[in-house]
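J.: Here is how the chains run, residue by residue.
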Amino acid sequence: MSSIALNHYLWVSGLLFALGIAGVIGRRNALVIFMALEMNLNAANLALVAFSKFNKIVDGQVFVFFIIAIAAAEVAVGLAIIVALYRRKQTVSVDELNSMRL
Amino acid sequence: MNLLAAITTQLGAWGERPICSVWVTLFAPLAAAGLITLFTQRWKGLSAALSIGAILLGFVLSVRLFIALAFRGQHHSPHMFQWLVVGNSVRIEFGMTTDPLAILMLLVVTGVGSAIHIYSLGYMKGDPGFSRYFACMSLFTFSMLGIVIANNFIQIFIFWELVGVSSYLLIGFWFEKPSAAEAGKKAFLVNRIGDFGMMLGILLLWSYAGTFNFVELQTKLPSLGLSSTTLALIGGLIFCGAVGKSAQVPLHVWLPDAMEGPTPVSALIHAATMVAAGVYMLCRVSFVILPSEAALTLIAWIGGITALMAATIAIAQNDIKRILAYSTLSQLGYMVMAVGLGGTTAAMFHLTTHAFFKALLFLGAGSVIVAMHHEQDIWKMGGLWRKAPITFATFLIGTLALAGVPPLSGFYSKDEILLLAKDHSAPLFIIGTFTAFLTAYYMGREVFAVFFGNPRDDHAYEHAHESPWVMTLPLVFLAALSVVAGWYSKVPHFLGAPHEVEHHSWMLTLGLILVPLFGFLVAAKIYWKDKPSDAPVKAALGPIWTLLQNKYYIDELYLWIVKYVQGTIATLCELFDRWVLQRLGIGGLAGTTSEAGKTLRLLQTGNIQSYAFLFGLGVTVIIYYVVVR
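Quick note, the sequences are listed as chains Z and L, same order.
Going by our numbering, the first sequence opens with residue 16, and the numbers climb by one from there.
Going by our numbering, the second sequence opens with residue 5, and the numbers climb by one from there.
Quick caveat, the hints were computed from the structure, so don't treat them as lab data.
Keep in mind it's a predicted model, so treat the numbers as computed, not measured.
Here are some, though not all, of the chain Z residues that point toward chain L, as calculated from beta-carbon distances under 10 Å:
1. I36
2. R42
3. V109
Now the in silico label distances, taken between C-beta atoms and shown as ranges:
4. L:Y629 x Z:A87: 27 to 37 Å
5. Z:A87 x L:R605: 33 to 43 Å
6. Z:I85 x L:T603: 34 to 44 Å
7. L:R605 x Z:A20: 47 to 57 Å
8. L:T596 x Z:V90: 39 to 49 Å
9. Z:I85 x L:G622: 18 to 28 Å
10. Z:S18 x L:R605: 50 to 60 Å
11. L:L593 x Z:A20: 58 to 68 Å
12. Z:V92 x L:G622: 23 to 33 Å
13. Z:L25 x L:Y629: 15 to 25 Å
14. Z:I85 x L:Y629: 28 to 38 Å
Sample of chain Z residues lacking proximity to chain L, with all beta carbon distances greater than 12 Å (derived):
15. V27
16. L61
17. L63
18. V79
19. A86
20. V90
Think of the CB as a built atom: it goes at the ideal place given N, C-alpha and C, for glycine as much as any other residue.
The shape of chain L in the complex, shown without the other chains:
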């Protein structure tokens, strides 16, 4: 009891000193990852306790920070120390930002992260890599928190890459499975493409402004008088990073494959936090993007296209997790679109609510997968609501929240974005609304196929069971958050922005309420059966269905590009290397030298007297030149 009291007091003390508590929040997971990797690999319980303890500590401290900021209005001056000084011009700091944006994101990451860490206890039970899993999760948490509190571009970029590494480790967690190893590789490589653009953007910005620090940049940028082309280029290049990390078209291909990782990983990294890092980063550096009309338009359209494309693909998928993955893509598209329309607040609002309900959906899917003994095909499930009532109830809440049914959280945040779109761009509003309809439709399809109708596989159904409490408890926690997160209308105000959306008529709001309901209705009409199937949709859509099922053949297109375009270039380079560089360059030089040596060798007779003669001749000539001339 004394110990507990001491800990509580200590936590209280940290709460009073926000700088300390942010640093502790950041470094506790790193310490956990280090300890697990070095010392506690063999004691699985201890490893899990370390990892969960670290993130829970972070959660508690974040809640304190949030409360202090939101209700008591305590603003903290940012804290930093000089990290690296190269020459006179490059100063790199390691600092932190404690503005509302960062604190909100801290809360989301540690909150959702805590729930998922605890859930993992049940999901990963008995896995031989149990300790490794928690070490990776802690490493990820550390990296993600690093992005959140970063106060300069270099720091954000370093943690950005660290997040990529931990994502790679966790996607390929079951590396003995070739598909998982491949998926990890794919995610990493595709992200590299985006990150390269981001790095170019950062360097370009630095070449003009001479600093990486966000605050300094923000004050300095308007006075630099950059041309609109330069601004668009910088904004576009930095956006590249977000395209990779947030899986926007055309770099979206890695996210669905990333579902090879354990389901809690999909929930934490590939739904709630890491993929949202792109959106967060855009909001963090919005001062770079907002001045450029061209960059904004690009961002908005990329977001809109991603939202629509992913939603259309999602209606034709059969894997319970892949549907959710495409749904994530689609929602990320919404957020990016919101950023592109100038609504960073709306984007962050949707990011927050999405983190809750998408994590919930993934964990629910994980619970279903465990219940079905690692079956992921929705057409082999069915009728599970009787077997797994808590999973069903929470999954349903997540679905309704995702579809945007009031009064759940998704309704508020998605409406914010759609209304924003209506104010700025009619085509994007139509795309957004249609995507909202599709969202309700494909989620309805998934729910009806998984939880209703008759079981397709009787044997599996017989053995299906509700998950243990360590798994259902996080579900309930997240479900509660998914419900209430939207009510806290202070979220947009908390972020300090004035309301970005004008007041709209109740007609429009009613229309936006009806859209998801209509989607559910259509889904119910098709799939609310004893034995639901895709047959009617397949017949109605014809070849389009095949196109959707094959994800617009984008993977195949990329494969083709890699195989023929990149392959041809590689062959040409190889030929150039072999014939021009090796044969002509290196071989030519070596050949000339050795031939010359062979020829010159003939001059060596071995006769000392002839050497002496030549020597004397040489001396005579020299003397002649020195003395006589």
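Extracted from the complex, chain Z is given alone in its bound form:
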């Protein structure tokens, strides 16, 4: 069995990140954009864990725990904002949420 090298992890992480970015840029639904953002975070997490594993240093894994914890809090706030936005505007499409535009 050919062992899985660090590069493979990094490629997957990069791919995940690219997908996340594509989602953020391409989608119009705020909720989906939010999910894509989470994907970005997790891509970073994956890279960190991979580095941690291959370098035999646990710092990266500790860091990932922090990110997951913070992300949970962030999700709670972000979803609350989106819900509040929907209650007010009856939409979560970012094309229609343009009241701050000049």
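Chain Z is fixed; fit chain L onto it per the hints.
T.: Same frame as chain Z, now just chain L:
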């Protein structure tokens, strides 16, 4: 009595310590000015007492110093303290000079000043600005004494400007009168022109010598090996200050207008002391001027031209004070000419005697003006000798002294200058002699018109009266000085110079005596009448008379220059400022910025996703460059 004795003892003690007494002489008037301005505005008598007390104290101390120096030969080492040190090269001291030149000038300033201060009591009586007047007078005295004792250029320049300020305050004393306010402004501005030149001269001298101190400069200057051009430039620039302050051509225009001030002010500042400061300064720094032949020639000719021009203008004026003002110009011209001919001693001698008799003449004119209820036109006076005998007698003495009739003081000092001119420059001697003739002529005209003949204005004549004793007493005091000042032939020797003039034949002396007498004779021929008038002279001179009466149109010329030359330059500058600087410079910069902002604003779509796209793109590019390249 005890108090008096204590004061006398104290004064005696000061006299023994000359350094103290000079400082007291200098700062007493300043203290008086300060006290009057701050505390005693409302008590007029007290204000006057403070001011007069300060200058009298100075006078007494100066007399003591003079006696100590002249008769006991006590020389005092100069005293100074460091005032300001900037870096390694600029040291400015506040010091004093107590050489004979300074002591003589101290005596003149405080002596004439005392007489005029006392006279002012009568002249300014009932004026609402009585206290302010005395405060200004004291400020002036302080500034003038500061010039006299200054031992370096910076100090002399500071007091020089202070004198200008107090002159401005006093010319414009009746500031509610527009002409007085204008005259004050004019005097100040015209003086600034000269002072600017003087400042340049001082700085230029300093850039070569590295010191402002007179004594150091005097010893250092010959060893510097400056070129004659540099020396001429320095001398000429410093002379600029004297041209302004001593009202020499072409900056003479302010002095006649300065007659708008109260008459005692004209006597003290614009006849006896301040205008003489220019001459004094030239004598003080003669070591800068004497080495340069070109500067000396310039000074001598400016003086000669001023003397002649002012005297010719004086013969066609009608205002009692303006005639005297032009006469002052003319006499200052003599002094400056003497300096230019290398005769600083002769200049100081004439300055001293002139201070006495010109102050006397102005105070006499003031007495006449008061007697005539503030009428200054000589053609509205006449026959006043009966009404104001003391004024008349003293005025006559002043006139004779000014004209140079022996044995009055003016004869000795003016002869000194004329003989000096004869030794050095024939044209200047002719100018000087002709001016002497004109001097006698115009003073004769004034005396005959004011004091003799029938009164032209009967009503005013009826009410004319002799002035109170506070006014006549100074007149008598000054008249006495005008008579005797020339006899003290030690004055030139006192100043320490060898006799500058060679001995001359008695023929020449006789000729110089006859010149003023001839002038009086001509004046008498024309104006010794019941109803004197200018008509015969006017007919004889024709257009020249108009020219003289309008003072050679110099004021008009200056107005024209200011209006067209300066006005054009100002308009051009204004256009440049408005169109190039404001529109193109400031407006252009602001316009470019705001237009750029407006254009760039279009890039802001407000769409977060497009921002995110651009952001991602940017990051990718950076990563590409960092990682791959």
